[in-house]
Structure formats: C-alpha cells, structure tokens
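Asker: Relying on the hints, combine the two individually framed chains into one complex.
Heads up: the sequence lines are chains A and B, in that order.
Numbering of the first sequence is given in numbering that gives the first Met the number 0, commencing with residue 0 and proceeding in unit increments.
Numbering of the second sequence is given in numbering that gives the first Met the number 0, commencing with residue 0 and proceeding in unit increments.
Rather than coming from a laboratory, the hints here were simulated on the basis of the structure.
A few of these clues could be false.
Examples of chain A residues toward chain B, derived with CB under 8 Å [said to hold, decoys possible]:
1. V46
2. Q48
3. N52
4. V57
5. R64
6. I68
7. L71
8. W72
9. T81
10. D84
Part of the chain B face toward chain A, derived, beta carbon under 10 Å [what the hints assert, rightly or not]:
11. L20
12. E42
13. I108
Quantities reported herein were computed from a predicted structural model and do not represent experimental measurements.
Even for Gly, the Cβ is constructed at its ideal location relative to N, Cα and C.
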Amino acid sequence: MNFLRPPYTTVEEKRRDLWAGVIGWFAINAILVVVTLAGWVPAWVGVVQLVANIALIVLFAFTRRYVAIGALWAFAVALIATVIDAPAGTAACFAVASGSGCGEFGCNSACAVGFGFGFLVGLIPGYFILRGVHRRLGK
Amino acid sequence: MRPVLFEVDGVPVYAYGVFYLLAILTMLTLVLYEARRRHWPKEELAPILLAGFVGGIVGARLSIVFFNGWQTAPHVTFMALFDPRIGPGSILGGIGGAYIGGYIASKAIGKPGCACDAFAPAMALGNAIGRIGVFLGGVDGLGKPTTLPWGVQPGNNYLVHPAPLYDAAFDVAWFLLLMALRDHPAMQNGNLLKFGLAGYAVVRFFIEFVRNNRVIFVGLTGQQLFCLVLLAGLGVWFVLHQKRLATA
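Just chain B, with the same shape it has in the complex (with noise of 0.2 Å):
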C-alpha cells in the first residue's frame, strides 16, 4: 500500500485521487475514441456525455447514504459534491447515475436507439484504473482476513484479501472481452453495455463476500443487494424484449 505517491513542495499526493483522475481522464478518451469510430454525431455526442459523466459524479455520491448509512448524509450536499477530500463515492452508483442521466439526455433530444454501447468498454477499463487507487490507498482496509498466501497487510497485523485487485484483474478481462464483442450484430443498440453491467454485478456480488462493506439485508451488502436489483432489472428487460421480437 501507497496512500501518499509523493509530494510536492510537502503537499502529498494521494494515489487514490491520482488514479480516480487517470481513471476519469481514460473512460472519456475511450468514449471519445468510440463515439467517433460508431460515427456518433457530436450534437448528440455533447449532452449524452455531458449527462452521463455528471449523473455519473451525482450518483456516486448520493448512493453512499444507502451502501453506508446515513451518518454519510452530510457529506451528500451540494458543495460536498465539490469538496476533494471526501472520496468519489461508489463506482456502483456512479455507473447508476451516468446510466440514468445519459438515459434522460438521449429521451430529451430525441434520439432513436441507444448508442451507449461506447461506454460499456471505458466503464471496464476504467474501473481497474480506479481500483488500483483504491489498493494502494488501503480503502476500507482493503478486504477480509485471510491466510492465502496472496493475502496483504494493509497496517494491520494480519493479512487481509487484497479485494481491489480482484476487482481490477476482472475488469481488464471484461475490458478485453467487450472490445472483442463491441461490433458483434447481437451486442449493438444497447446490448453491449447491459452486457458488460449484467457481467460486472455478478463477479461484484461475489467479490463483496470478501470485502468490508455494511451488511444491510440477510446478510448481504448495500452493494449487492444493487447487483441483485440491477441483474432482476435486466433480466425483466430480456424476458420482454424476447417477448417483442417473438411477436413483431
């Protein structure tokens, strides 16, 4: 673990803040890399990622209140929102966010289909960006004891599941696999990043067995009780979206 890089001038300089910037800076050059390989018009380009990268920021910070509880409501206001010393928030409810903000812009210029399909493989990659701040920060004391011999000591005196990294490994192999699949006819208008979340919330949920976060519900986490939402909502869209091709 790393929190501190390096300073400047006796100014330290946090991992955590540096790849959450790393990992902010490479989900918009890929979206932008994909936007215009897909042809994407820049007039509908501006506001879908306007709207998805400040739904996205938004939706990170207002989930923290369900996944920690509402001793974190002070810290969900609008000049929080803007305060660089309290953390982004969380990755699931910022893809939430940027899900549902970059969903309200395209409703609201009126666009046929969905080309959100070009964020699916930045969303990955990012992720595994953020994540390794997240391990060299020691976030949540990274994950649960453990005696594998991959296990860490992140200041304790016990080993402990170095649970960012499984998250990251993942993601990298998801980035890859949805760059293979990205022109595949059957992953196109959607398909591709409902796919990539509908992979992410499995592998999620089962990496929270390992990690520190609240338990709120029959023993299972803020955050997976979200990948159980999130997996049920894509799965009632498969079973109707089935439904209206077998009838059209």
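Same shape as in the complex, but just chain A (with noise of 0.2 Å):
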C-alpha cells in the first residue's frame, strides 16, 4: 500500500480511501484487541497500539487525508459508545481506579451491555456524518 501517494484525482479514490479507513480502523484494532484478551501478547501490546492508533493517523492526515477522516470516525463512533455507557460504569476516576481497583464499581455485565447500546446509538448519527462525507465527496 503506497502510503505517501499524490493528491486525490477522482472521487472514487476518495471514497475508497473514506471506507478503507473505516473498515481498517475496526478490523485491525479489533484483531489486536482479541489477541491482547486472549493473553498471546504482553500487555505493552496495547500501549503500542495506542501510540500507533495515533501515529497513523496523523500520518495519513497529511499524506491520504480520507483515510484518516474514516479511521476518526471509527474511532470517535467507538468512543461515543464509551460515553454513553459511563452512567453505568463510571463512578469515579483515576485515583479511586488505580488504588482499590474499579471493580467495585458498575458490573461488568451491566458495562458490556451499556457499551453495546451505546456503540448503537453512536452509531446512528455516525451513519448520517458518514453518509454526509461520502456524498459530498461526489459534489
């Protein structure tokens, strides 16, 4: 995959680019994710992810701007998932979570579900901004 290309030419390219960044986005982090609850690599594995969640995008912010725009997407309709599941699941932050653990607080069931619910309803409008970029590439 050629990542420094020259600027777009079609829409099509465009388009491509908007759902390669998409569909990458959840496919490769959904792998790393797996691997890493499966325990088959170390937990650093994740930091690295991260750091390298962010890297490429920036990267192909500058370089193939629509697959950046599609991996943001992803990664905020993802987010948006974790907001509206925090009634459920936060009750407090960093200094309560990294002393006595956060286990105590919210269930872990109660979070799973509100995360799925959440990832719907997040992606209700992420469908519309979506459809919007998508079709306004075409104009």
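Answerer: Here is the structure:
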C-alpha cells in the first residue's frame, strides 16, 4: 500500500480511502484487542496500539486524508459508545481506580450491555455523518 | 453528594457518568450551533470536530499519567480508553488534546486561519456541567478541609471545600462572557479560544490550592504546572503576534 501518494484525482479514490479507513480501523483494532484479551501478546502491546493509532491517523492526515477521516470516524463512534456507557460504569476517577481497583464500581455485565447499547446509539448519528461525507465527495 | 443518581433494575446509574455524558452532548450541540452560525463549511467541520473529540478523550487519559503518577499507566492502553469503569481523565489534558487534534486536522486540510473560536463557549459550559458530576460523585474527596460555612461533608466527619462547584460557578460566568464577546472584532481567528483558555488557566491555578491533587514540584500540583505552561505559551504567542502586527 502506498502511504505517501500524490493528491486525489477522482471522487472514487476519496470514497475508497474513506471506507478503507473505517473498515481498516475496526478490523485491525478488533484483531489486536482479541489477541490481547486472549493473552497471546504482552500487555504493553495495548500501549503500542494506542500510540500507533494516533501516529497513523496523523500520518494519513497529511498523506491520504480520507483514510484519516474514515479512521477518525470509527475511533469517534467507539468512543461515543464509551461516553454513552459512562452512566452505567463511571463511578470515580483514576485516583480511585489506580488504588483500590475499579471492580467495585459497576458490574462487568452492565458495562458490556451499556457499551453495546452505546455503540448502537453512537452508530445512528455516526451513520448520517459518514453518509454526508460520502455524498459530499461526489459534489 | 449523591454518587448513585438512581437504579434501573438494580443497576446503579452514576451521577459522574450522567453529567459526563451531558457535558459531552452539550459541547457537541453548542459547537454545531456555533459552526452553523459562523457559516463554517461542513467539509472543514467534520474532520476538525472528529479530531478534536478523539484528541480530547485521548488527551484526557494520557495526561493522567503526568498528573496522578506512573501507577495510573496501566489505564493508558488502547482498550482502557473504552472501559467506562475508569474515569475519563483530566479536563486539562482533554483541552490540550482537543486543541492539538483540531490544530493538526486544520493544518492537514489546509484551512486558512482558525475557526476554533466556535469551541470556546462550548468548552466552558461543558466543563461546568461536568463539574456538577464531579461534585455529586465526591471525586478525589472534593477539596481540602475547611471551616468555612459553605464547606461540605463527603462521607468524612469534617468539612471540605466544594472545589468542583467553585470551578462550575466560574465556568458558567466565563461561558456568559465568552458568548457576549464571540462577535467582537478582536476576538476572532482563534483569539476567543485563547482568551477562554487563559481565563480558565488562571482560575484553575488558584482553585488547585484547595483541591487534593498530587503535588509534583515546588509545592505545585501537575495541574498548576500545566496552567503555568499554558499561560506562558499564550504569553509568548501574544508577544510574537504583537511584533508581527507591528512590522506588518
């Protein structure tokens, strides 16, 4: 894949990159999350994953802008799900979480259900934003 | 204090999370309203808003390692970003992350000038709402012990400063001032946001003296050091900007 390619010449290129960003972000991060949860890779991979996410989005922002917009959209929808889930799970801040652990604040199943609900709710405005960007590229 | 607002079928709904959600929704609504009022093109709005939102949430989490120490580093992984049981992090880090994210996005799309003033009143009002959640949640013990008549008792047998309410009261006043100044000719092209950040940094610096945050250097907390660096940066920008105007 050519990361540093010349500027876009057609609408189709922009749309292809936009969707590559969305699908690529979910696919790559989902695989990394699964292998981390399964314990196949050390925990520090999660830190590298976070740094790589930011670095790649910044790199793409200056080289293949629509990949970056697609990836940012996917990142934002997943974060919106967390924000929507917050009332079911966020009881305290890091100071407490780092000391006594956060297990006592909110049960895992409530958080998981909340995250799924949040993800679906986040997808609704997210879908319209993405559709708007996709359609606008053709104008 | 009321950490659990209510229960739904035995599942607690936390005040901190509810007000965090309300704060984010309010900020997004206000930014969209301001963007529309300023005739900000959607092609520019979408990437800058997305970058600001993602940058803000990531920045809030990353900054917590500096503010709270290395023991919080395990919470700064990719997966931890999506764990709602862990707090959102620091608002100062969130502001920094949102600014950097929005700045990178505007440079990447080649936007001339700065439309970031649309964010200034939204950040003040969102912060005010978030602080009410911090107060209700009794986060970080609220503040240092006090004998003042408005002291509150967050589960202790002594009174403490309701520091989040000081912050919220200032934020509401600051929001009204920023809204009043938003069309002033001198407050365009990024100046309103810089003014808003400077005002918050000054007040937050003093509020920190009655909060329980970790002291890092010369008796100052990480948040106070952040505020000083932010004010110094804005000061340098102001001096350089004045010189450029004088030579132009």
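Asker: Taking the hints in turn, state whether each one holds.
Answerer: Here is what the structure says about each hint:
1. Proximity of V46(A) to chain B holds as hinted, the smallest CB-CB distance being about 5 Å (cut-off 8 Å).
2. Against a cut-off of 8 Å between C-beta atoms, the interface hint on Q48(A) holds, since the closest Cβ of chain B lies about 4 Å away.
3. For N52(A), the interface hint holds, the least distance from its beta-carbon to any beta-carbon of chain B being 7 Å, beneath 8 Å.
4. With a cut of 8 Å, the hint placing V57(A) at the interface with chain B holds, because the nearest CB-to-CB distance is about 6 Å.
5. Hint status for R64(A) relative to chain B: holds, with the closest Cβ pair at about 6 Å, below 8 Å.
6. About 5 Å separates the beta-carbon of I68(A) from the nearest beta-carbon of chain B, less than 8 Å, and the hint is met.
7. Given the 8 Å rule on beta carbons, the hint for L71(A) holds: about 4 Å separates it from the nearest Cβ of chain B.
8. With a least beta-carbon distance of about 6 Å to chain B, the hint placing W72(A) at the interface is held under the 8 Å criterion.
9. A least Cβ separation of about 5 Å between T81(A) and chain B falls short of the 8 Å threshold, and the interface hint therefore holds.
10. A cut of 8 Å between beta carbons decides the hint on D84(A): the least distance to chain B is about 4 Å, and the hint holds.
11. Interface restraint check: L20(B) against chain A, minimum CB-CB distance 5 Å, threshold 10 Å, status holds.
12. Given the 10 Å rule on beta carbons, the hint for E42(B) holds: about 7 Å separates it from the nearest Cβ of chain A.
13. Restraint check, I108(B) versus chain A: the minimum CB separation of about 7 Å is within 10 Å; hint holds.
Every hint from the earlier list agrees with this structure, and none is contradicted.
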